[in-house]
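Its first residue numbered 22, the sequence shown is counted upward by one per residue in our numbering.
One should not assume that every hint holds.
Claimed, not checked - Computed spacing ranges between beta-carbons, pair by pair:
#	residue 1	residue 2	range
1	Gly39	Trp136	28 to 36 Å
2	Asp46	Gly119	19 to 27 Å
3	Ser96	Asp71	16 to 24 Å
4	Asp23	Phe58	17 to 25 Å
Keep in mind the hints are simulated off the structure, nothing from the lab. Please read these numbers as outputs of a predicted model, since none were measured by experiment. All C-beta atoms, glycine included, are put in the ideal place defined by N, C-alpha and C.
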Amino acid sequence: MDGCHFHIEILAPSGLSGIEAHLADCAMPLQPYRSGFNDQVILRHGGDIDEFEFAMDPSTTGLLHASGSIFREESQAWRMVESLSRALRLAGFAHRAGMDNAAGNGLFREIDYRWGGT
């Protein structure tokens with residue numbers, strides 16, 4: 022299985038502090054991590070799921086970027102992206118997310134939560 026690729030942009034000038042309480046219901050195995058670079062709370066892979074890759078770096082701007090791959094069926098992968106979006110929404114972070122697949126056959130889904138005007 023080639024997997025689905027996702028990317029997420031999050032408006033978070035001070036990092037993701039406050040998301041911790043909302044990660045329990047997230048289908049992505051993520052954990053908050055305080056960056057040694059600038060003390061921002063960011064997310065990192067925190068589980069034993071081999072079918073999942075995730076990367077997020079701290080930012081010197083108000084915009085955080087995350088990306089990765091989910092090596093599951095497209096519908097399952099999308100539910101995982103939606104669950105992270107839900108956690109971000111509940112924590113009050115404006116964000117947008119997109120997902121496509123490695124085959125490049127036109128699958129593309131996106132979420133836009135309070136993103137306008139950026």
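Hints the structure violates: just list their numbers, smallest first. 1, 4
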